[in-house]
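Peer 1: These are the residues of each chain, in order.
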Amino acid sequence: MAILGMPSRNKETKEQIVENAVHYKKKNYTNLDAVENLIHYVTRTRKNEDRAGDLIAYGAVGADYFHTVDDMIQQFLYVQNVNGINSRGGRRMYHEVLNLLDWEVERLANSPEWLWNVGMGCSQVYYQMGHQAVFGVHWEPEKRCHIHFAVNSINFIDGRKWHTSMPEIKGREAVFNEILCRCQIMATGAIEPLIFLNESKVSVDA
Amino acid sequence: MDQRTGVKLLKMERKTAKISIRCTEETKRKIAAKAERMETSESRLLEEAVDVILRRRSRYDKGKARTLVETQEAMNHMVRELGNDQSGYREQLLDLMERMAGLWQF
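Each protein sequence line maps, in turn, to chains U and H.
Position one of the first sequence corresponds to residue 0 (numbering that gives the first Met the number 0), numbered consecutively onward.
Position one of the second sequence corresponds to residue 0 (numbering that gives the first Met the number 0), numbered consecutively onward.
Hints are not guaranteed to be accurate.
What the hints assert, rightly or not - A short, non-exhaustive set of chain H residues, derived as facing chain U with CB atoms under 8 Å: (1) Lys-61; (2) Val-68; (3) Leu-95; (4) Met-96; (5) Ala-100.
Simulated from the structure, these hints should not be mistaken for laboratory data.
C-beta: ideal position from N, C-alpha, C; glycine also.
Use the sequences and the hints to build the structure in full.
Peer 2: Written as structure tokens, this is what we have:
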């Protein structure tokens with residue numbers, strides 16, 4: 000099962016990392032350049048970027064990912080400024096990571112397109128909640144395959160700030176796993192479609 | 000609503016405060032002319048203008064931000080759904096997105 004968590008900047012020992020599969024960050028994205036920094040990090044377009052090779056694909060919801068990354072940043076900032084982020088202060092971005100296991104990636108036929116589809120499907124969850132999101136699929140030898148989500152903390156529908164908690168993250172993790180499962184079924188066309196169809200039939204009958 | 004509450008509300012609605020503004024003769028003349036055209040008093044006209052300013056909470060309409068985000072997402076979806084044989088439409092949409100970038104300036 001893929002694990003959703005918030006990456007931690009605090010240095011932890013290996014034992015702690017194993018114990019805490021999901022980390023909470025102590026440093027929040029409250030700095031003025033948080034939007035810019037995080038989106039550049041996720042899309043691997045930082046100044047003097049040395050890890051551009053990690054990026055498999057990226058995309059966004061509620062923002063233009065077909066043109067430049069700066070356009071996306073501008074679109075995030077617009078929503079924040081219109082809703083008075085400078086006078087309100089506080090967190091500007093949320094950063095979540097969905098860690099995939101090797102066999103889960105294999106079930107997506109090791110295909111960048113399907114990994115992109117998983118990222119886009121999961122980002123739609125944030126969009127349905129009223130938040131713009133940018134995702135980036137990365138592969139690193141140590142961290143294996145994972146999907147970063149940079150989420151705008153300001154709701155573009157009502158201008159409210161997003162606050163999340165551990166139970167909510169767990170709930171989102173379950174939804175993301177369902178999306179992943181559906182993509183795996185479509186990618187491989189394995190035996191799962193029958194199980195999946197039977198399950199949905201039961202729920203319809205109920 | 001009892002009588003006391005009614006009286007209290009009436010007192011709250013009573014216009015007892017005064018403000019004065021300093022402006023040019025030209026502006027004063029324009030305000031008077033506008034008020035005459037609209038068949039209202041100068042005081043009422045200025046009060047309505049102040050009311051509009053007070054209701055505007057930010058430099059730009061928040062509704063515009065929502066419309067921009069939703070339009071952008073609809074366009075993203077359309078570009079994704081267009082097949083290879085519809086590259087003309089795709090180019091047009093991408094061009095439109097590029098021209099829309101100016102609307103996101105704060």
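Peer 1: All hints, please: hold or fail.
Peer 2: Comparing the hints with the structure gives:
1. Lys-61: holds, 6 Å
2. Val-68: With Cβ-Cβ at 4 Å, under 8 Å, it holds.
3. Leu-95: Because about 11 Å separates Leu-95(H) from the closest Cβ in chain U, which is outside the 8 Å limit, the hint is violated.
4. Met-96: holds, 5 Å
5. Ala-100: holds, 6 Å
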